[in-house]
Amino acid sequence: MQFSSAGKPPLGIVYDSDFGMSAESVLALALLRGFAGKNISRLVGISISSPNLKAAQLCDVVEKYYASATTGMAAMFFQGPPLGLAEKGKTADSPLMKAVLDLKDPDGKHIYESRIADINDTAVGQVVIRNMLMAQHAGNAAIVSAGPATNLAKLLMLRGAADLIQDKVKFLVLTGGDYPKGKSETNFTADIDAIRKVLADWPTPIIIAGRELGKALPYPAESFEKDFSYAPHHPVADACRVAGSSDIPAAALAAALYANQADAGYFKLSDTGTLSISEDGASTFQPSGDGKHRFLLFDPEKKQQIIEKYREMVSAKPVPRMLRRPPQQNADPPKPDPAKPPTAEKKS
Amino acid sequence: MQRKRKDWLDHVERPSLHQKIWTFIVVSALSGAAFANDSKSAAVKGGSSSSGFDSVVKPLMTRSCVPCHNASVASGSVNLVPFNKETTLAEHREAWDRILLKIRSGEMPPPGSPRPPQDKVDAVVEYLTGEFEKADRNIKPDPGRVTARRMNRNEYSNTIRDILGIDFRANEDFPTDDSGEGFDNIADVLSISPLLMEKYVAAAEKIAARAVGSIALPKPVKAVYEPNANNLQRINVGTIEADHRVDFDGDYDILVGMPGERGKDAKPVQLGFFVDGKLVHQVQVETKPSDLVYFSPFSDVTFRVPLPEGEHKLRVEFLNDDFIQTLDENEYYKSKVNKYPSTISITGPFPSKLEKASRKKIFICDPGTGNACVEKIVANLARRAYRRPVTPDETASLMKLVALAKSNGEDVEQGIQLALQGMLVSPNFLFRIERNADPKNPEKIHRINDFELASRLSYFIWSSTPDEELLKLAETGKLHEDQVLTAQVKRMLADSRSVALADNFAGQWLEIRNLDSIKPDPDKFLSWGPELRNAMKTETKMFIMHMLRENRPMSEFLNARYTFLNDRLAGFYGIDGVTGSEFRKVDLASDQRGGILTHASVLTVSSYPTRTSPTIRGQYILNNILGTPPPPPPPDVPALDASKVGSEVSLRKQLEEHRNNPVCASCHARMDVLGFALESYNGIGKWRTVDGKFPIDSSGVLPGGKKFETANEMKAVLLDQLPDFSRCVTEKMMVYALGRGLQLYDRPTINSIQVKLKENNYQFQDLVFEIVRSLPFHSRRGELLSSTNGNSKEIAHR
Amino acid sequence: MITRKALNRRTFLRGTGAAVALPFLDSMVPAMANAATKTERPVRMAFLYVPNGIDMRNWNPDYEGKLTHLPRILKPLENFKEHFNLVSNLTHNAGRALLDGAGDHGRCCAAYLTGVQPKKTMVDIKAGISFDQIVANKIGSQTRFKSLELAMEDARQAGDCDSGYSCAYTNNLAWRSETQPLPPIMNPRILFERLFGEDATLSPEARKRRNQYRLSVLDLVSADAKKLTGELGPSDKRKLDEYLSSIRDIELQIEKAEKDNSQIDPGLDKPYGIPADFADHFRLMTDMMTVAFRADLTRVMTFLMTREGTSRAYREIGIPDGHHPLTHHRNQEDLMEKVAQINTYHVQQFAAWLEKLQSIQEGDSTLLDNSMIVYGAGLSDGNRHLHEDLPTLIAGKGGNRFKTGRRIVYRRETPMCNMFLTMMDRMGAPADDFGDSTGRLEGLDLT
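Going line by line, the protein sequences match chains Y, S and X.
Each residue of the first sequence is one higher than the one before, counting from 1 in my numbering.
Each residue of the second sequence is one higher than the one before, counting from 349 in my numbering.
Each residue of the third sequence is one higher than the one before, counting from 1147 in my numbering.
The shape of chain Y in the complex, shown without the other chains (with noise of 0.2 Å):
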């Protein structure tokens, strides 16, 4: 007799990202690695926004580094699925790209290599979202955008996508704007139509977090010193350094926190509103009962234990992905998974 169904694992996240332009870019897919290590989520996929090979570049020197930890059997199979990036255009190389993908060692070897040769090694960005939503259960995936919406909205465009979205996906946190007024944004400006058809059209709840929100959380410079010298060479700390010794504004590890603990309250929520934003991608939320946006809100209180909490998992160390898990090393009962939907998600 045939039956159906398997048993539901952690919340899949995908991270699309104008990687590489900004430090925090780096430490929100840090933080993610840290959090699918410790097995709260599992980042499925991962596209980039900014048309720019080296970005693609930088991102899989990163990922090739979180896959390091992991050997064997397990590493044939845990390799991940090819980087998104976005199809047309191209945008400068940052200092970050160069920073890591220049660096040598004495004898003039370059410290990392990206697998990457050619544009043929990434994949369309919303094609990769797409596929890897398919692979989800229902309601079990979330996406964390960090950079132009262009990704998201040509996902829009696909056929299916939308009741797909709708399916599999609980939230999309977004970076960008204030509450509840921002002034021009480069993550809309960069593809106005984008954020527009986004916020617009996204058939699931979105939470935004803001600019603010980002400098009131910032990212401390000393860690790349403190944190990460497990490692000789640490693809994170050697691109962040370049960012200089002040500490960095990071709405995007705020996205990616909640992502992670939406019900942890590291953060309040703002009543549900419309964001709209303006042709010089200054934006505006206007609260409404039936408004499908909210906006993630900075709680001084928790600032200390936020920043703690960005530490441990952006500077945690790779950890061995395996096939399955001898029994005895998993004697103790687990600990209690404390993702719980966000009471926005109730509404949809």
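Honestly, the hints are just simulated from the structure, not real lab data.
Where hints are given, some of them may not hold.
In the SDA-like style, the derived pairs of lysine to any residue whose C-alpha atoms are separated by at most 25 Å in a straight line are [claimed, not checked]:
| id | chain 1 | residue 1 | chain 2 | residue 2 |
| --- | --- | --- | --- | --- |
| 1 | X | Lys1373 | S | Thr739 |
| 2 | S | Lys1106 | S | Gly942 |
| 3 | S | Lys554 | X | Ala1352 |
| 4 | X | Lys1373 | S | Asp786 |
| 5 | S | Lys554 | X | Asp1411 |
| 6 | X | Lys1354 | S | Ala550 |
| 7 | X | Lys1372 | S | Val494 |
| 8 | S | Lys867 | X | Asp1426 |
| 9 | S | Lys867 | S | Arg501 |
| 10 | S | Lys547 | X | Glu1339 |
| 11 | S | Lys788 | X | Arg1394 |
| 12 | S | Lys708 | S | Asn668 |
| 13 | S | Lys547 | X | Glu1228 |
| 14 | S | Lys748 | X | Ala1352 |
| 15 | S | Lys867 | S | Thr587 |
| 16 | S | Lys792 | X | Lys1373 |
| 17 | S | Lys547 | X | Gly1413 |
| 18 | S | Lys488 | X | Pro1380 |
| 19 | S | Lys748 | X | Asp1365 |
| 20 | S | Lys547 | X | Arg1394 |
A few chain Y residues that don't get close to chain X, going by computed Cβ distances all over 12 Å [as the list claims (entries may be wrong)]:
| id | residue |
| --- | --- |
| 21 | Thr71 |
| 22 | Asp121 |
| 23 | Pro180 |
| 24 | Ala216 |
| 25 | Asp290 |
Using N, Cα and C, we set each Cβ at its ideal position, and we do this for glycine too.
Use these hints to put chains S and X onto chain Y, whose structure you have.
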């Protein structure tokens, strides 16, 4: 540079690993939130309420299962955390069935992890078993429904044979039927393609013409089969075979050419001519030198035999020719020493003298006498074709075809032929359609009518159409009465047509049919050949029919002290005292053989072409004997290096190594051990004591600790699980009898059948009776005229 | 009395095999008339499917662009380098487990032409209409047969086919509807009879009468069926609908045959039985497929070389082990070597067919130029059951539209369905999207 390709397992929520079993685990029904709370409670409180579940099951689950099967680890993508409430027994019964199975068989907890004390385990098994029995008693009985079923190829051929006496081989002309649940008579899978429809139309035309005998025979043609055209197979010095297709029913002249001559006083031999294994003609052949002076001696013999249309295996054999025994191999083909058959030529067709059986069946009166008779003939044919009485309208529309032929200036017989052609394409013939008793209330559960019952019976037991007696009883409305039904089933089983159960049910259940496609490596298995293959088939077939007709206890499937052999197979088995090519029941002295698991047929279909596979044989036992199919292997399953087997490392050694891998262990610990017990039989089932240079070791220990040294002791272990075997056979025969997959609501039926079988020592024939008497066999639920089958993921794909 | 030398497959094949070049095909003048008179030659499409993946190390060249040195498995195509494109990185996401776990063989075969993830079931099978059938429905009315489905290996007789997937998923390539796979013909005699009629002997009058009878019989039975459907539930009705739509197809076929009742001389004797030797069998099948294209009997063919998960052994080339077990080689050289040999052997057969297609002139081009012959598999690495970078080769210029002789690498995850969309355009059956397509496949065309 060559790109490395990557697999995505973790991203696709680690599928393949042991998923099949675990696809049973219905967890996604529970919300993500539920997980958290459940796992907390599972971890914290041990068992607060006093229910058996909380005191017996939960502690063991929490201690021994949940550590590996939880939200964050989910070994084999199984999360057992939510299974911590008594209520889940009902909510996730299928999952619980699997859990019970795993615990009972000792597969879980897997080797290497702390084992709970046995008494705790037994307590859990006892508790769960009891709960499920209670639960099953409360399942609302529902016969389910079978979709309109078209005949498959075997059923079509048999039906044509039985209503018209025409030998038509659908499997030569129709596309192969797809199968599901391991059988090719599953209604939902049997579809009609334009190709098949084309074949139906052409076949109807051909069959009707053959039946009426209106086909004008073409000029006779001669076909020659001779060694140097290499279209002839030499079986041995005294036997040759040829594959020949006959395009028209008719008589054919067979000429057999025989070179050589024997000694002056050589005795004549009997030459036998076989068609598809049946001896159809016998003639005496002179072997001593003829007076004629030949440079190379040669003689031939000619005789005329009737052959039906179709592809035939023709065989010429010198019957029990003792002279050969006196010869030395190198003398066989010396023309001055021996005479032997070497060519066959067939010339024909020539019109047959004897009237065709089909005409007798069709022309029950003389159509020359007028329309009344013609209508009678047409109505009678339609009744047989549609397996029920026909309405005047139906006869009338068929008569239109008769008229059409007439209007084309053809005679009445050709008119009847055209009407018959129409019937053979009608959905009423091609499909078995069961009607809703009460159109106003289609979903009502109702008994099928006696005609539908007659068809269910005949296609179940005969793979063919109901005969006159069944139809008559249906007409009188008595068929469903218990004594009548019982008497009929007895009669049907005794009838030769019931061999269909061996061919079609057992042939698929035991995978014997695969003998035709499987191709053992002739270099490795010298004795393999069509002869042996057919002998293997016959042994199992006769064994099944014996079990069935003599109503033997099912335990004999595993440990019968007898089997069915001819000289060829007995020789292969190393059993003396069996001479002659006909099969007979043989009592087994040694315990090398006994039961189907030691039939060469079974041992061959469960091997690779080049070697045995304990894994496949073990899986075969789990699938077909115990009814506990193992999950499929993960991709990149470590395959064996066949070339090394038997030479560098023993197969056993290799498999044991791969069982050290925990991923593989949990299943292979069971599968391989069962399979190893059969290692004393090689890839085509021949007894052996060494594999390559390694002595055979067929001992093993099953999870749970049962030990055995030999195949026989392993069979004994299986016998302890006779109830599981009985349930497995019951479920398979149920699927076959109903033509649909089984559902939850079939459990009570299966269970009650088990109870009845147990009372009477699990006798095989009783099973047939129990199925025939069961609710799903004699009743059905109709269907509302609106469909609801949704594929949730579909939107994403299309 | 006429004497027919009993058939001897080898000589028989030698006869036609070589003869398949121009001579005998030119003997088919009447049949070709309709094809020949057209100024625009019809474009034909065929799929050759090979199971269990391919040894990608020996399939993908280490360069892009113009085909120069060919990898080992493609070597047999050396003479056709100019006539095909090798396409890399096409992916069938629908073949992946997604949420359905094991069964990649069952899934990849069912998804291959349908672009849909098949329902995991042993009984109530469900996939999608395959794109070749969409094409057939659109243009089929112009040829005697909408499409032909062919195979070399008989459907599996007993047992489970792949991890809970019905055998219907691995026995068939083409799907007429989401619930109805189209069974392929694997017996050369049956293919012969289907293409060239079971009764070449019949006089025109006799054939006319037979068709008249057939049509009236079909009228009668479709009336029966319609009467029934009224009284039945959806699933029974579905079966009857299959029945009725098949009847309609045959009525059309007969009407076509009525209009153009030119008997096609296939130029070969009716074959009997199924050759034991793989190459013989393949040659016999492709001989007739060539005639079918040449005489414009159909423009759409799908050919399942052997079944996914098949354990067929290739003694023809000294490989006694089953194909599928071999492909789970876990990178053992000796096993991978055998897989590569089997892959190469298959391509050799394919090359022999291309040679025939290329040898047939159609005006100033060849039959191959006017065709799109896809050679491909539903898995790339059979060892790990990968569904990306599916080995795909398109021979022919699709009616002098394609620029051939290149290896074209697309971005990873490019849906295979994009290629189908492009082919549908060529076949004159354009569609907005199919399966999980995200657009057309750019860069195949001449300009």
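Which numbered hints fail: 11, 12, 13, 22
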